[in-house]
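Engineer: Residues per chain, in single letters:
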Amino acid sequence: MEQVIANGLYLGAQYALIALGLTLIFGLMNVLNFAHGQMYVLGGFITYTVYGQLGLPFPIAVLCSGLTLAIIGGFMERYLFRTVIRRSHREESTMLLAAATAFFFDAVMLLIFGEKQRGVPKIVKGVFNDYGIILPYDRIVVGAVAAAMILSFIAFMKYTKTGRAMRALAQDRVAAQLMGVEVDRYTMIGFAMGAMLAGVVGGLLVSITGVNSGIGGPISVKAFMMIMIGGAGVAGGAIAGGFILGMMESVGLTVLREYGDVTYLVIFAALMVFLSIRPNGLMGKPWG
Amino acid sequence: MPTLSRRALIGAASALALFAGAHAASAADANLKIGFVGVTSGPAAAWGTSNVRSMQTLAEWYNELGGVKIGDKTYTIEIVTFDDQKDPKRAVEGMEKMAQEGIHYVVGPNVDDGAAAVRPVAEKNGIIYFPYAFPKELYTAPASNAVLGMIANYQSGPAIYKYLMDNKGVKKVAFVAANESDPLSQRDSGVAAAKALGLEVVADKDTYQNDTRDFTPVLTPIVALKPDLLVLSGVAPANAPLLIRAARELGYEGLISTETAQDAKVLEEGAGELANGFISVGGASTPEIASDHMKEFVARYTKKFGEYNDESNTKVYVLDYILETMKANPKAIDNVDEFKKTIDTFEAPNPYLKDPDAKLKYVGSTSFGQKRQVAVPMVVNEYKDGKFETLFVGTVD
Amino acid sequence: MTKKIIGLLLFLIAVFVVAPWLIAATGRTDLYYVFTSVALLSIASAGVWLTFYIGRINIGQGAYALMGGYVSAILVMYYGWSFWWTLPVAGIFCAVASILIGVPILRLRGVYFAMVTLILTEVMRLLALAVPITNGAKGITSIPLPGPISLFGLALAPDFATLENPRIAFYYLSVVLMTVCFALMYRLVHSRIGHICLSLQQNEELASSIGVNIAALRVMAYAISSFLGGLAGAVFIGATQSIYPSSFTVTDSVNFMLNCFLGGLGYVFGPMLGTLVLYLGWNLLFSMEKYQLLIYSTAMIVLMLVLPNGLLSLGAKRKG
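Protein chains in written order, with the working numbering: chain A, 1418 to 1705; chain B, 2 to 398; chain C, 196 to 515.
These are computed hints drawn from the structure, not numbers from a lab.
Accuracy of the hints is not assured; some may be wrong.
Unchecked claim - Keeping only pairs whose Cα atoms sit at most 30 Å apart, straight-line, the calculated DSBU-like set for lysine-lysine is:
id: 1; chain 1: B; residue 1: K328; chain 2: B; residue 2: K305
id: 2; chain 1: B; residue 1: K328; chain 2: A; residue 2: K1539
id: 3; chain 1: B; residue 1: K125; chain 2: B; residue 2: K169
id: 4; chain 1: A; residue 1: K1542; chain 2: B; residue 2: K328
id: 5; chain 1: B; residue 1: K372; chain 2: C; residue 2: K333
Because the structure is a prediction, the values reported are computed rather than measured.
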């Protein structure tokens, strides 16, 4: 059982980090970014190229992933989403744009990086094995980095000017504008940050689970679930959702295995029931 | 509707564009089109891509040599591909398209549902298709237009389990599969085969979502059961290294095997030395058995696409089967009934194996009651330090 | 008014005369299946559009299409029903199921509803794998073609199996269903109920304050939507003669939604046009081979930038 909880915590940390970027973009602009998983995958491929192929140090590779995605994210907000949001009658229309960019990323990555699963050499060798828990060291490192990033993200949102501006935007766009927040600027920064988070997680996790050009879509869907559990648009919700989903998978796969192929059926059905009871997740904005 | 006319105009223009392609399809006299309907995008892109690239490499090679002589005519081979996105509805559309292009021989689809969905289309339009899917009803009478393009897991599985029982002392087996049609069906037949051999099956219900990235939670309870053999039923090449790595890092010490083809590079990058000893089924590229012809194929493929995919070792065969059967009976070129007649007696040398007695021929009588399978050597491989080594070579009849 | 009638006539001529004539003239018989798919998928998309109309983003239509497909397949294969009778039953089965599911989940809004329906699609796929009657992973295959049907001695449809090309029959069946479906949708949207639905989309609190039973209205709209999904799924399975748990997946659910966006959320005929463009777009780019997805997605992005309110917003200022 210790092992199951350790698995769940590790899974939760990585899920939470994936969900953070998505919920940031959603909170700021009400855009459900279907391309989030694709951004994660792109981040993974960049780290694969820089660390795995060119042989540069792993932290530099992850940094490259984050920076590239931040730039791409900024451009996407400025030239795609901003235009469409201005001109469309219903803000949901951005879903089609997001889906189209997701397909676009899929196509580009398939052409550049090929159809194969890619991986990089382990960053730390060896396995921790004590107290009834088995955990490879590289997972511990990645888990710790993920936790540190989550904490610094929260600190950033709480204590910096940019962070406060973005929180104000997420709470009430019009009020924030009236209070003198430069809406366009911070929306763009926020989108870039969300994309950067996706890229960094992708880069971090390529050292453990590798990456392939087709997994972006499924990862987006999984991230959607996490932010639904916790509540969309709220950082705390994304973190809680990530850990809850991670724990549910870990515990569910162990406890339910003897009942046959129903583990995920039960997890998903439970999710639906949970959301019917709490229509805004654990701590989401009431209007969704 | 004030803009009706403008919209109608746009509609008419696009309709014209749609129908315009109609006559471009008429083939030149010495052009022979072979189709492909399968998945070349999305998470399962690797399956169809290795198919398409094998076919394109071979076609380019043969055309470079002046084309393929069938009867008294020489043909340039043209590969027509359709990406069905792993959607059975699209697969039907693809098969209709192949019929429209006047194609009678199609490679694919790659999965069970697609193969079942295209069956009525293929039968109606006189198309022989070569699925990489295992449902027996596709190949047993009254079905007669599908030819299995590889070795089914219910053929290779028992041979592998038997070998491991006799040589490695395997007694307890655990199965794990993705919760999708193909892997689940393969798991069920694998479990049945293991039980028939008298093995103890300790896990036969564990599944995972195909998009799982971290397999530790899936494997934790299975590793605790301490099986001697862990079978990854119908595992996607992208997931194999992740499963292997998770199992080994959890301290699993038994054997791991699968019945599908894998890629050595993917295993090396994804699991490194943890993948050593992993058993899978391959085609012909292990140095022990590959002919110079096979080596040249790999070289050409690598040159054309930048990187070889070991899954192509099993997928290189089908185009040769189609062409060689036509050579044996030139009337089959546009008549699948002639093709079916030739199937029963056809035999040609297998260019990909060193062994001069190796033959291309159709098999499947035991499994399907009729010859509806290409004979691909059942090469059971063991992964070792970035390469596959041949464990044993079996045959299917 | 006359413009509308002319439009309707042009549509009917295009669908029932021009398209078959063009196919016959060019010999592109493969297009029968393509257009059948478009017609059926646009029926399912019309359902999604209706849920958009009451202000809900529905990414769960694939679940009902799959359910309808299985109902039809099971009734035909295991209970010997005629394909024709399974169609309304599949639709009604889905409508009833959607009422049971909809009552709790329709309280959700925005992305929450969207996500729950997305999960619903996956739940349905896993159910189809787990429940014994669906034959699980092995699917139901070799489903017979529809037999003849007659009403009061009047032959409505021949035995499809005896036809030289059943694809043509499926084409006519699908476009008839599509025409009826969109005609009814048009009626519904322009009825009193339709206007109330529109007010739901804009402000639920306001609508409920003027004494509209919005909960019942929402469930009704969702049930109609699911009926259309189930119906389309059932006909599709009849045309492809096999069903697997993967016959309708999350990808389909997302596509149904995208069809609505592309056509335009403000236009009843939006989903039809959106489906046509998205589905045919992929088909037309078939010869681009590996660049197919790249060109397809680029075109979608450009379309979205130029016409963010859907294709039908091109020129039309008011709803059509």
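Engineer: For this structure, which hints from the list above don't hold up?
Structural biologist: The structure breaks hints 2, 3, 4; every other hint is satisfied.
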